[in-house]
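Asks: Each chain, written out:
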Amino acid sequence: MTSPARKISAVPDLPSVEVSDDVALDLYYWMTLTRAVEERALNLYRQGKLPGSYYTGRGQEAIAVGIALPLERGEDGDWLSPWIRDLGSYLVHGVPVWRIFAQFMGKAGSTTRGKDGNLHIGGREWNIPCQVSHMADMIPLTVGAALAYKQRGEERVALTSFGDAATSRGDFHEGLNIAAVLEVPAVFVAENNGWGYSTPISKQTKVTDLHKKAAAYGIPAVSVDGNDVFAVYAAMKASVDAARAGGGPQFVECKTYRMGGHAAHDKYESYMPMEVLAEWSDKDPIKRAEAILLEEREITEARLESIRERVRDEVRAAVEQSEEDGYPDPSEAHEGVFADSAP
Amino acid sequence: MPELTYLEAINAALHDEMEADTRVFCLGEDVGRQGGAFGATKGVQQKYGELRSIDTPVAEAGIAGVAIGAAMAGQRPVAEMQFGDFVSIAFDQIVTCAAKMHYRIGWAVPMVVRCPNGGGVGGGPYHSENVEAWFHHHAGLKIVCPATADDAYGLLRASIQDPNPVVFCEHKFLYRREKADVATGPDGRITPIGKARVARQGTDLSIITYASTVRLSMAVADVLEAEGTSVEVVDLRTLVPLDRETVLESVRKTGKAMIVHEDNLTGGFGAEVAAIVAQEAFEHLDAPVTRVAAIDMPIPFTPVLEREYLPTEDDILRAARELAAY
Numbered sequence: 190m191t192s193p194a195r196k197i198s199a200v201p202d203l204p205s206v207e208v209s210d211d212v213a214l215d216l217y218y219w220m221t222l223t224r225a226v227e228e229r230a231l232n233l234y235r236q237g238k239l240p241g242s243y244y245t246g247r248g249q250e251a252i253a254v255g256i257a258l259p260l261e262r263g264e265d266g267d268w269l270s271p272w273i274r275d276l277g278s279y280l281v282h283g284v285p286v287w288r289i290f291a292q293f294m295g296k297a298g299s300t301t302r303g304k305d306g307n308l309h310i311g312g313r314e315w316n317i318p319c320q321v322s323h324m325a326d327m328i329p330l331t332v333g334a335a336l337a338y339k340q341r342g343e344e345r346v347a348l349t350s351f352g353d354a355a356t357s358r359g360d361f362h363e364g365l366n367i368a369a370v371l372e373v374p375a376v377f378v379a380e381n382n383g384w385g386y387s388t389p390i391s392k393q394t395k396v397t398d399l400h401k402k403a404a405a406y407g408i409p410a411v412s413v414d415g416n417d418v419f420a421v422y423a424a425m426k427a428s429v430d431a432a433r434a435g436g437g438p439q440f441v442e443c444k445t446y447r448m449g450g451h452a453a454h455d456k457y458e459s460y461m462p463m464e465v466l467a468e469w470s471d472k473d474p475i476k477r478a479e480a481i482l483l484e485e486r487e488i489t490e491a492r493l494e495s496i497r498e499r500v501r502d503e504v505r506a507a508v509e510q511s512e513e514d515g516y517p518d519p520s521e522a523h524e525g526v527f528a529d530s531a532p
Numbered sequence: 588m589p590e591l592t593y594l595e596a597i598n599a600a601l602h603d604e605m606e607a608d609t610r611v612f613c614l615g616e617d618v619g620r621q622g623g624a625f626g627a628t629k630g631v632q633q634k635y636g637e638l639r640s641i642d643t644p645v646a647e648a649g650i651a652g653v654a655i656g657a658a659m660a661g662q663r664p665v666a667e668m669q670f671g672d673f674v675s676i677a678f679d680q681i682v683t684c685a686a687k688m689h690y691r692i693g694w695a696v697p698m699v700v701r702c703p704n705g706g707g708v709g710g711g712p713y714h715s716e717n718v719e720a721w722f723h724h725h726a727g728l729k730i731v732c733p734a735t736a737d738d739a740y741g742l743l744r745a746s747i748q749d750p751n752p753v754v755f756c757e758h759k760f761l762y763r764r765e766k767a768d769v770a771t772g773p774d775g776r777i778t779p780i781g782k783a784r785v786a787r788q789g790t791d792l793s794i795i796t797y798a799s800t801v802r803l804s805m806a807v808a809d810v811l812e813a814e815g816t817s818v819e820v821v822d823l824r825t826l827v828p829l830d831r832e833t834v835l836e837s838v839r840k841t842g843k844a845m846i847v848h849e850d851n852l853t854g855g856f857g858a859e860v861a862a863i864v865a866q867e868a869f870e871h872l873d874a875p876v877t878r879v880a881a882i883d884m885p886i887p888f889t890p891v892l893e894r895e896y897l898p899t900e901d902d903i904l905r906a907a908r909e910l911a912a913y
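Protein chains in written order, with this note's numbering: chain X, 190 to 532; chain L, 588 to 913.
Here chain L stands alone, though its shape is the one from the complex (with noise of 0.2 Å):
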């Protein structure tokens, strides 16, 4: 198995989807002769020629629609958003016509939006932001989070597959980060769209998580192991459909529930996984229901600012600390 970065998973992953369905192929600003202004779509274009990997005009709305209608019509398109950020300028079609289409007339809309998401990496407000929140509380709509290289191949190659609109979330951040021999080529990794990772196996206290904050948690549970303190790490991987049975399971087992991400805090996901681990599991619940995420302010650009908004691994470590104290 060749060790990949995240971003050479995603192209990997883009690779082995065209070679095994013909249906399918990439659009966005870029994407073709270039391969992206990440290197996502790289040696696309060259392999499977201009018709799927097709270099767009800059109209995101566009882009979306163009994929929708695609899709509709029995392709598979990766449509790519050249930073998640971006997305705003689509979500009138992605909510309004991919989300509701099957609802309405038992259409499918088989089609993947690739958004390169998050901060660290120096974008200031408009090439930083995350954006699965704006989606997850839309009906319709399947929202993937990769934290780690095998799970962005393996969740990739599954959103392509899916009969549904996918929103999937790629974090910028770990794209030269994160590292992992992955299992390509035909009979390549799979990841299920709905089933949560244990990242770590723990006794005292659940933290649970998604994206760029998994590697950070799962520093800070190195550091708590070390003082005596087991933490468990869930990665919830997909946040539409939520795997709520292995969230609950964690919470139950450990009675202390800390979620975090890195997107805002107000409206973000964090506050319907509280929600749900509130409601559901309270009676084993030995501790408030804690979250770790970003300030509610956009994502400046200068690192000393933007260390402010972003949820650090000292702000894990020092939350978790006060909860195991409990």
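The following block holds chain X by itself, in its conformation from the complex (with noise of 0.2 Å):
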């Protein structure tokens, strides 16, 4: 089945991707999986077991899974440098579950032994370079790992997402330009959530179409609606392979909403209308997932809850590892300042 053109608003044509009854089933179990690991670690984080803050990606999973699955898992695959709200994006790209968990925690399992927490995540194992928190900042990175595919002719992307209020940062600017120059097979998913921190986007940009900045660098641009998964999938696949293709960079607008604060520890009902955020509840990515499959793809229920149980076995499983793990000697914190080798 082709998804629904109606999904993909504004800009240029897209090829139309089809989105088979296996991949429908692997976005909506990806989505599960990644709101059950937020629902159990905000639980983790209210019971005092997370150090720091908590950081979700609540009502964003559509745009987290369905950016990652268009790309290749592995060492040799793409590169993905996926934003603080796209826990899903990681989890699709290979990172087991307990090791995000023991991330949280800060126990040896942990993805940074420790040493970062929340959703820097990454290891060369998965290809994931480790985001930092400075806005904007892997973009320009992004850009360097899709031109070292470029130089070694290799038929590899780099992707990268981030927020809305990233596109204000001169790394943005400066990381699109040289893209699009160089023409490297990059591609940036900003996703649109309105919010940055407790400032809204009107604050932030007079173009609040994310996607008409990519303009300004020449990039092509797409703008989807976030919350379905499918579109954003099938928007995803066809920048991608056009990257792959030799197409150069490509820009994905995913608007969305920020169902919350902008971490856990933030009062957003101080700031943010109540009443924009019971709209946005209607069109929870997970429910509108759940009504396809259901309704237009006649996929039974006991299949939908057959991946919900063992979305609840794997979490049960993956909390259950991390905390048996155990944290990291204090001794490692002396180690790794400088390396010893490069591969």
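Just so you know, these hints were derived from the structure itself, not from any lab. Some hints could be false.
To be verified - Derived DEER-like restraints, expressed as beta-carbon distance ranges:
no. : chain 1 : residue 1 : chain 2 : residue 2 : range
1   : L       : V645      : X       : Y386      : 22 to 32 Å
2   : X       : R235      : L       : R620      : 57 to 67 Å
3   : L       : K782      : X       : K401      : 50 to 60 Å
4   : L       : E590      : X       : G359      : 37 to 47 Å
5   : X       : R235      : L       : T853      : 44 to 54 Å
6   : L       : T853      : X       : G359      : 22 to 32 Å
7   : L       : P887      : X       : R235      : 53 to 63 Å
8   : X       : L483      : L       : V645      : 17 to 27 Å
9   : X       : P240      : L       : E590      : 56 to 66 Å
From the three backbone atoms N, C-alpha and C, an ideal C-beta is built for every residue, glycine too.
From these two lone chains plus the hints, build me the complex, please.
Replies: The following block contains the structure:
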């Protein structure tokens, strides 16, 4: 079945992408897993089991999952640098669930061995660089990885996602401009969730349709409904394919809404309009995917329930494993400032 | 062995590393067709093509970030800041991404950021800065400051081969003034990072210095020799990692330490060396640790003003005489 074209708003023609039932169920599984991991982690945070704060991407699972699934996984696969709302991207790109809980807990099994926290997840084995807190910094890095693939003639792409507020930073502009001039296989995903911490997008930029910014650099761009996982996947698949085929950098804007605060400690009720939040609650990407799977694709409820069951088991096992995991030895704090070798 | 200037030595090191390793490439403003504002990358694009010698937009943060990403993806980028001063724009990328990536996930970032450094060339406040002290406070970066043509060659090759991000401070004043017979080519000189050089042996006092002030210190040592004072000159070569042993060994021998650099005094690298000497060689010291450095102010343009800023041979000589007489 072809993803409904109406889901892709604005912009040039994208080749239509078939989303098979298998892929559709995959997308559903990863979104469900993402939400389950986040809900469990939020509980652990409230129980005081996670140091620092806790950041969720609730309501943005369709983007996190839809942007990652079209990519090749593994060390020799595609580069993926997700931002703070995209836990699902890490899962899809291969990071085991228990290591994500270990990361939140600062345990030895954390992908950073406790040296960094929250969604600063990464590792060469998944070709995921470790994001930094500074907005938009990962954009030039992603362009650099794409350049490396182009220099070596490899059919690989480099993808990064970021929020609307990141488009205010210089590295966004420098990164996009260089990517365009060098014609590298980079894919940029702007997640327009309307908020940068407590600042609404209207105070962030006059160009609130973020895909229009890409035009300033001569980069083809599309805008999609970020709460429709099938639309996101279809747009991403087309964009990733175009970049891989030598079409140069691509830009995808995913429109969505941040369904809560910047982080768990944020008292967002003081600045977010509750009626808008309620409106977007009705557009929940997982509920919408379920409706399409059941009604348009005639998947049975029993099949969806078996996926939800699998997710519950996986999350339970992952939390157990991370809770049993130890902390890094204090001596490890002193290790790794410099590398002894580079492959 | 060909006689090369410091600048030709940098150019030769780039050519030789690019020949030896197809992962090495240059990027920066005007580095390609033009061969760089100073000619450091001359002939590279003609020989290795546009994908390995990339003319970038004017975007220093972007250049540094692209280099980091390419390094992580397996290449060996050598990024040029047209003037070291402009690395201020790339500072965030270098300290935020390059310096901490390996510590956080064990993923090495083998890259070099070349910073044409320093004054004495009539560059004014924005083309004369010494940038090494901007970086040495920050863990995870190596900092290399060659003083001679053969070290410019040998240290650049070592920096490109190093698995870490290296801030390579090449001094513009030395570009055409320093010359040496340099062993180049496949078996060319590699100067190990982290090893200081005793540029001149002496017994009465130690001058610890690097980059442009090495030659000034050597000239001062000649003058003092004639006056009966034997000066040892230690050329640090690299600030991070610092060869503490060579510094301390020299000071323990002479009992007097003077640190000289062209960069501003306050918070300069000399303060760190002074602290190390004071703590580790206190019982060997016969006099207070002395520093000679630029005055804490922006670097003025016109030569009569710039001379007020820069530490001169006379400044070093005067301070060395006082220290010798202490």
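Asks: Are the hints correct? Go through all of them and say.
Replies: Structure-based check of each hint:
1. A C-beta distance of roughly 31 Å is found between V645/L and Y386/X, which places it inside the suggested range of 22 to 32 Å.
2. The hinted window of 57 to 67 Å between R235/X and R620/L holds, with their beta carbons roughly 60 Å apart.
3. Against the hinted window of 50 to 60 Å, the Cβ-Cβ separation of K782/L and K401/X comes to about 54 Å, which satisfies the hint.
4. For the pair E590/L and G359/X, the beta carbons lie near 43 Å from each other, so the given range of 37 to 47 Å is met.
5. Between R235/X and T853/L the Cβ separation comes to about 48 Å, which falls inside the hinted range of 44 to 54 Å.
6. Checked against the given bound of 22 to 32 Å, the beta carbons of T853/L and G359/X, roughly 29 Å apart, stay inside it.
7. Hint check: P887/L to R235/X, Cβ distance near 59 Å, so the stated range 53 to 63 Å holds.
8. At about 54 Å, the beta-carbon gap between L483/X and V645/L misses the expected band of 17 to 27 Å.
9. The hinted window of 56 to 66 Å between P240/X and E590/L holds, with their beta carbons roughly 60 Å apart.
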